[in-house]
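S.K.: Please take these sequences and the hints and turn them into a complete structure.
For the record, the sequence lines run as chains A and B. Just so it is clear: in the first sequence, position 38 is 38 by the working numbering, and no numbers are missing. Just so it is clear: in the second sequence, position 45 is 45 by the working numbering, and no numbers are missing.
Simulated from the structure, these hints should not be mistaken for laboratory data. Just so you know, not all the hints are guaranteed correct.
Unchecked claim - Here are the in silico distance ranges between beta carbons for each label pair:
#1 Asn-30/A to Gly-28/B: 16 to 26 Å
#2 Gly-53/B to Ser-24/A: 30 to 40 Å
#3 Ser-58/B to Arg-54/A: 27 to 37 Å
#4 Asp-66/A to Gln-41/B: 22 to 32 Å
#5 Asn-52/A to Lys-15/B: 45 to 55 Å
#6 Gly-28/B to Gly-16/A: 35 to 45 Å
#7 Ser-38/B to Asn-30/A: 22 to 32 Å
#8 Asn-52/A to Val-12/B: 17 to 27 Å
#9 Tyr-18/B to Asn-18/A: 43 to 53 Å
All of these numbers come straight from a predicted model, not from anything done at the bench. Heads up, the beta-carbon is just placed ideally off N, CA and C, and yes, glycines get one too.
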Amino acid sequence: SQQGEEDPQALSIQEGENATMNCSYKTSINNLQWYRQNSGRGLVHLILIRSNEREKHSGRLRVTLDTSKKSSSLLITASRAADTASYFCATDSNDYKLSFGAGTTVTVRA
Amino acid sequence: GAGVSQTPSNKVTEKGKYVELRCDPISGHTALYWYRQSLGQGPEFLIYFQGTGAADDSGLPNDRFFAVRPEGSVSTLKIQRTERGDSAVYLCASSPGLAGETGELFFGEGSRLTVL
Numbered sequence: 001s002q003q004g005e006e007d008p009q010a011l012s013i014q015e016g017e018n019a020t021m022n023c024s025y026k027t028s029i030n031n032l033q034w035y036r037q038n039s040g041r042g043l044v045h046l047i048l049i050r051s052n053e054r055e056k057h058s059g060r061l062r063v064t065l066d067t068s069k070k071s072s073s074l075l076i077t078a079s080r081a082a083d084t085a086s087y088f089c090a091t092d093s094n095d096y097k098l099s100f101g102a103g104t105t106v107t108v109r110a
Numbered sequence: 001g002a003g004v005s006q007t008p009s010n011k012v013t014e015k016g017k018y019v020e021l022r023c024d025p026i027s028g029h030t031a032l033y034w035y036r037q038s039l040g041q042g043p044e045f046l047i048y049f050q051g052t053g054a055a056d057d058s059g060l061p062n063d064r065f066f067a068v069r070p071e072g073s074v075s076t077l078k079i080q081r082t083e084r085g086d087s088a089v090y091l092c093a094s095s096p097g098l099a100g101e102t103g104e105l106f107f108g109e110g111s112r113l114t115v116l
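M.R.: Here it is as structure tokens:
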């Protein structure tokens, strides 16, 4: 079973625009991570936010976490064609097992 | 190698056949994971190794699936009597410690299994 659910399932934006996607989860977590997957490739870690953090930045990425609502958001600013990929949130309910959502597919149009 | 290596990258087999998928993790990573990803879905946990032992195999769907990591490095996922429903991409990931502590899992490119 998958712990997280991303919303929307798919997103199409123009290059230069911002892309926002959300993740909701069910149980208490230690941390929440976001991964990117290009078509036919493996997953690449983007950013981790711990349960006691509310916001984190990494380059053009901004992640927020609201543990009271059991939700997180990933914002990609000034999107580029190379940002076209699927994005997954992953939560750990114990120390070792990550549970992934179904992902948001982002298409950035040139 | 620099990253997690998985072989074969593609495997086509017939229903009822036996399949082995191999994962070579990043050198020194003690934790190794197998996930299965169906089309349009996120990865689903199968099994987790810490060193040589399977610390959690609760995600294996049934007893046709088995995985080993005899020397604490390379792991093999074995699927007996394959069924069409086993068709998916099998992803391997490793990490230097516990995912909850160190954060990141390093994924291979996956082995795409197609059962005809």
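S.K.: Look at each hint and say if it fits the structure.
M.R.: To see whether the hints hold, each was checked on the structure:
1. Asn-30/A to Gly-28/B: 16 to 26 Å: About 23 Å separates the Cβ atoms of Asn-30/A and Gly-28/B, which means 16 to 26 Å holds.
2. Gly-53/B to Ser-24/A: 30 to 40 Å: holds, 34 Å
3. Ser-58/B to Arg-54/A: 27 to 37 Å: The hint (27 to 37 Å, Cβ to Cβ) holds, given that Ser-58/B and Arg-54/A are roughly 32 Å apart.
4. Asp-66/A to Gln-41/B: 22 to 32 Å: holds, 25 Å
5. Asn-52/A to Lys-15/B: 45 to 55 Å: Since Asn-52/A and Lys-15/B have Cβ atoms about 49 Å apart, the given range 45 to 55 Å holds.
6. Gly-28/B to Gly-16/A: 35 to 45 Å: Distance hint for Gly-28/B, Gly-16/A holds at roughly 41 Å.
7. Ser-38/B to Asn-30/A: 22 to 32 Å: holds, 27 Å
8. Asn-52/A to Val-12/B: 17 to 27 Å: Violated, at about 47 Å.
9. Tyr-18/B to Asn-18/A: 43 to 53 Å: At roughly 49 Å between Cβ atoms, Asn-18/A and Tyr-18/B fall inside 43 to 53 Å, so the hint holds.
Violated hint for the displayed structure: number 8, the only one.
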